[in-house]
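According to mature numbering (1 follows the signal peptide of the UniProt record, and there is no 0), the sequence shown holds residues -21 to -1, 1 to 148 in order.
Among these hints, one or two may not hold up.
Computed cross-link-like contacts, DSS-like style, restricted to lysine-lysine with a CA-CA straight-line distance of at most 30 Å [claimed, not checked]: (1) K84 to K110; (2) K130 to K116; (3) K142 to K130; (4) K119 to K109; (5) K122 to K134; (6) K130 to K115; (7) K84 to K63; (8) K84 to K99; (9) K84 to K72.
By construction, these hints were calculated from the structure, which means they are not laboratory data.
Quick caveat: nothing in here was measured; it's all calculated off a predicted structure.
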Amino acid sequence: MSLLVLLSSRMLSVSRQVVWGAAPGLSPLLTPTTSGLTRVLAFGKKDLTDLPVLNEDELEEQFVRGSGPGGQATNKTNNCVVLKHIPTGIVVKCHETRSMETNRKRAREIMRQKLDVEYKGELSELVIKKKESSLKKQQKRRKVNENLERKRLFKESLAKDSKPENDGV
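Model the full assembly from the supplied sequences, consistent with the hints where possible.
Here it is in structure tokens:
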């Protein structure tokens, strides 16, 4: 057991040196941008790496009653989070779970994604990934339709070949 603790503490100290020791004074996870915003590189997120950092002073948070299925637990508890970004006016409402803390974290993730789209527009990772996904779906649908058409033509040709032809004798 002590070997495991020693090994994990060494790994932790090495990871701190790798992550925080690269740039003295400024964390390598924080990168300034030309628009004056600071972006954070989110390690552990395999899809989205360059989302804006939320400044808590620019957020207005409210807790309201949720709606939808769930009965009394939903209708009588204020665990739905409404988050407003004051400078842009973007509003996010999150009621995915019964836990207020989970909803708060998820609302902030959604807000970061929406701010990324707001600030970057067509260059946002979210927009690019959505377009790529749409193109993949279209290509897949096109292939499926081509295969269905080939099968239909093949069945028609088999049906023609199997019919006895009347020569009119």
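Outcome of the hint check:
1. K84 to K110: The hint holds at about 27 Å.
2. K130 to K116: holds, 21 Å
3. K142 to K130: Satisfied, since the Cα-Cα distance of roughly 18 Å is no more than 30 Å.
4. K119 to K109: holds, 15 Å
5. K122 to K134: Distance ~18 Å between K122 and K134 Cα, so the pair holds.
6. K130 to K115: The hint holds at about 23 Å.
7. K84 to K63: Holds, at about 14 Å.
8. K84 to K99: Cα-Cα ~23 Å, so holds.
9. K84 to K72: holds, 12 Å
In terms of the numbered hints stated before, the structure departs from none.
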